[in-house]
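Chains as they are written, first to last, in UniProt numbering: chain A, 1 to 295; chain B, 1 to 800; chain C, 1 to 212.
Hints are supplied without guarantee of correctness; some may be wrong.
Said to hold, decoys possible - Partial list, computed: chain C residues near chain B (C-beta under 10 Å):
#1 Val75
#2 Cys157
#3 Ser185
Stated by the list, open to error - Lysine-lysine pairs mimicking DSSO-like chemistry, simulated, CA-CA at most 30 Å apart:
#4 Lys570(B) with Lys606(B)
#5 Lys685(B) with Lys19(B)
#6 Lys394(B) with Lys438(B)
#7 Lys438(B) with Lys685(B)
#8 Lys320(B) with Lys394(B)
#9 Lys717(B) with Lys264(A)
#10 Lys286(B) with Lys134(B)
#11 Lys149(A) with Lys397(B)
#12 Lys149(A) with Lys717(B)
Treat the hints as calculated values from the structure; they're not laboratory data. Every residue gets a Cβ at the ideal spot worked out from N, C-alpha and C, and that includes glycine.
Chain by chain, the residues run as shown.
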Amino acid sequence: MDFLRPASWEEALAAKAAHPAAVPIAGGTDVMVEINFDHRRPEHLLDLNRVGELSEWEVGDETVRLGASVPYSRVMDSLRAELPGLALASHTVASPQIRNRGGVGGNLGTASPAGDAHPALLAAGAEVEAESVRGSRRIPIDAFYTGVKRNALEPDELIRAVHVKKATGPQQYSKVGTRNAMVIAVCAFGLALHPESRTVRTGIGSAAPTPVRAQAAEEFLNAALEEAGLWDSGAPLPPSVAARFAELASGACNPIDDVRGTAKYRRHAIGVLARRQLGWTWEQYRGAHNLEGAA
Amino acid sequence: MPQQPRVTPTELRQGAGTKGGIGESTLRPDGTLKVTGEFAYASDMWHEDMLWGHTLRSTVAHAEIRSIDTSEALATPGVYAVLTYDDLPTGVTHYGLEVQDTPVLAHGRVRHHGEPVALIAADHPETARRAAAKIRVDYAELPLVTDEASATAPGAPLLHEGRDDHHSGHVPHPNILHRQPIVRGDAAAAAARADVIVSGEYYFGMQDQAFLGPESGLAVPAEDGGVDLYVATQWLHSDLRQIAPVLGLPPEKVRMTLSGVGGAFGGREDLSMQIHGCLLALRTGKPVKIVYNRFESFFGHVHRHPARLWYEHGATRDGKLTHMRCRIVLDGGAYASASPAVVGNAASLSVGPYVVDDVDIEALALYTNNPPCGAMRGFGAVQACFAYEAQMDKVAKALDMDPVEFRQRNAMSQGTIMPTGQSVDSPAPVAELLRRVKARPMPPEQQWTTAGQAPDVRALPGGLSNTTHGEGVVRGVGYAVGIKNVGFSEGFDDYSTARVRIEVIGGEPVAVVHTAMAEVGQGGITVHAQIARTELGVSQVTIIPADTRVGSAGSTSASRQTYMTGGAVKNTCEHVRERVLEMGRRRFGSYHPAWATAELLLEGGKVVTDGGEVLADLVDVLGDEAVDMELEFRHRPTEPFDLRTGQGFGHVQYSFAAHRAVVEVDTELGLVKVVELAVAQDVGKALNPLSVIGQIQGGTTQGLGVAVMEEIIVDPKTARVRNPSFTDYLIPTILDTPTIPVDVLELADDHAPYGLRGIGEAPTLSSTPAVLAAIRQATGLALNRAPVRPEHLTGTGPAA
Amino acid sequence: MRVNFTVNGRRQEADDVWEGESLLYVLRERMGLPGSKNACEQGECGSCTVRLDGVPVCSCLVAAGQAEGRDVVTVEGLADYAVERELAAAGAPDDGPEGGVAPDRGGNGHHGTPLDAAKRWQARPGLPSDSLTGEGMPLSPVQQAFIDAGAVQCGFCTPGLLVAADEMLEHNPSPTDADIREALSGNLCRCTGYEKILDAVRLAAARQGEGN
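Chain A with its partners taken away, still in its complex shape (with noise of 0.2 Å):
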């Protein structure tokens, strides 16, 4: 095994380049359990953390570029305002720990169904940015994941950051699992209400072989807020509009039976949170409207 430190992004990229099988590391919640329980040898360990770059962010008109190795702990703290969906999403990752390292980037990296970003990733918006020395794209988050544990990456290629939408209006996000705390997920769920193109946006993590978004569901609530015109009106949410889009989301799920819970609990549990999410950021729409509108 050979340890590659690159001292810059452009270094990273050679090093992929020369080495597309090397296993890049950064927060190492993921690698380092590989290796330290002989899961994963690769031929070279690609550690990222001298590119200072990747552990920084920068907030722009419509969207953040958050770097890849930006820890869960500065988004949890520093951009819940503009992302309160991911910011969220890391509060529910593991521990105090683990936030402190990881970072989007090895969530992305391993594209496990489980992993905690995803469904706040799908649900606000986002475009990978990945670079190889070969050039530079940008990655819809909805096209990103290709397969249990597979992304869209080429494997001389590496997450440079994750553009994601600013947030204008409420987020929410959730996680299913049977411990209160360090736990990883049963089943997630995410919302994004999206007042400014008047949509909602919705992910799914661990109740299908990728995170998924649920489409139908989203589709469905799309119409029914525009038909009743409550975008405009602030008014309450029909109880028969969130039930729907609660069977909807469930529909969307694709789960298996596994240690960590049965492909039934995970469908019931992501409708549970479907509706419940609905309740909660339509609330608070209709409180920030009512309140604009008062004003």
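Position chains B and C relative to chain A; hints supplied.
This is chains B and C only, laid out in the frame that chain A set:
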């Protein structure tokens, strides 16, 4: 010095103060070392020129081993030895706590997933792992035995053919390791008097001890051909008895020292790396360290028996139990371990702390291809308590009676006759313990809300995962009480040894206490120093580390160590005191008549009369002489249970605890937040109140864990463990653990030293059923298994 | 490969490090600092918690090479770290923990634990012991509180909990119970049921508040 390994703390010294005797919350003598990282646990040891041992384990549960090819592994640079069954040095190739049925290394067959097959010693752990991957084992898989049906089916494969252990003669099938019926009164006739009869089937999952310090040890070959072993264990002398014959060494050439132990809870009662490390050290002539990682630890020790329990209770309209029938089937897995004792406990304690005259009880342990099960905190009694307490709630409900009142009406007390015919001859304040937990004020409702603020998810089911802001959350309250035996039962010659020396050092009398008691965190060493102070009136006490240079202390299990090794220290101190007083009489007797007439004590470094008059300074009595004695201490003898009727004076002491659980359940998602777990326990005498409370809270939390999350999941199709990691075997975090108020009673047991009662296990029993009862109350669901998982609370589980 | 970093204020170097080794392994097996514990090696127990450039992390999940040139504080250095923090807070001329001197707790810089160091805690006759546990070792307030409150049983989780608790109290000197629980939710304990650990952190916070 350079050749001496880093060893566990020697000569821990508690000093100063004229106080610090029993009844005070003196602090741990190893506390400073533990908070500074200086305390040497088994996995911390290091030795010049040391090799790393590694164990190759079976990947399948049941197979014939056709061949093992180690040649490529042996040829790996950095590898010093590769051992298989064929390399064992003597004809003694099996070991076991009671039944010697466990192969040191697999011989022609593996019987469970993770069974040791080969050993490697190499210069780096990674070298050893790479070499292990090069060992070729040709397995031909065999049909599996995984439950009672497959174990006793016609033509079932036998786990152990040609059994000749002392249980083999009385079991109905060779795949049944041990069976204990208990019959007393006439359950059938009593059932006819019942106004209500309630039955139920229950399942208790396989729990792991999950001690944090993984199995580890360092074996150092000695010049005399023997070996020095530094290891984390619960019972040095039991290890020694099993190790030495396999090595072909006399016991005195296997010198064992207890290293720092990172928790035990029963999981270190059986051997893990002990023989393996010694074999590699003796083969290579080099010190060998073996440290299991967490994955291997799940295969490196036995677990709590999963159990299927069927119960039937009857009661009269006025709330008196008429009879109890039960059948308890424990899955012992592939090897015997402590299963026979677990069966004895399950059977003899199956009725719980209640008066039931007419009983028909059967408990048995199976041999299967599942992971071996054995000792874990409260064994046998834990599984039974889960079921009988569920039954108590059911009967109370059938009678439309308050569940606590119903329990109190049937609660045992001093003088109650157990199903075994044994009279409970010390206080049994069962009704009082229940009264106390019930009388506690309830924790406030909706603790997650603060006016004007968003709900605090940390106080809600789901915690940080933000799954509810109060939606679906229902509170429930549940009660349970349990009974556990203390000490080794059924006629076992249970004893402990203590060596105590008193002498003047630096102008001050100092007591030195040496036992082989395994300090696993429980605080036995703290208590030993307190006892020595109380009995010998000194302030300075030095605790010598546990090793096999002193006689056996028995196991740190069965809630027995304060009773037994504490009792041994007390007993030896009393004899030392007598000797000291004799010296005093010889030297000073003529100066004061009280030397001959009064009851004399040692207090504050002086000889005093019971009236408080000082007769002499200990320093002057001792001069430059030392008194040094090593004595054994026994509890009163017990008897084996009759193999047909289960009658017999089987247990030396009983221990009782009661819990009230307050939970909040997210009934839609099936997530549980335990809000409070109140405990009341009779401890006889709290030698160290701070440690007593720590034990009770710790035991309670382990019971909470198995109520809502902890279970080793074995695939029924392959008998392979599916979750051997801390990612998927979950134990409670600080956010899962509620406040645990503890109410301690001290009703002396006159048979025991200072009247004390063993305390370690009882709180683990009733915690689980109390939580389950609370969840049942919140959800209205029957819930017949532990742990209860979200799918069980939401009707989304798989079949069975 | 060779790895250099600072541990408890002292420069350390390890040679022949296998590239797959964790910071935890290097601390324990190559630098004679086994205080950080190896309970799970998968980031699920917190027993190996150290501060890496001031931030609490699981040292089992840091590749040894990632620690190159960085600053590590382990439980062995906690008492000195606390002293330096106090000095820094008091405005004393001090260049902070990074440049501090940890005379006694830096490990030996080579393989394993020096044997004399392993026996450092041995009884020292003639040493005045004014507490039942004191052997004259300096302790940080949180270390003392863990002893006093009965938060230590087997002690295997203790080093990680201490590092995590000490860091929490550094930035949150008056934590609520919920704050304590959240900050320590990455540290498993199997013995105590956590109640005495909560007591200990409350005690340390209270003593800190009194200016002790």
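Hint check against the structure, violated hint numbers in rising order: 11
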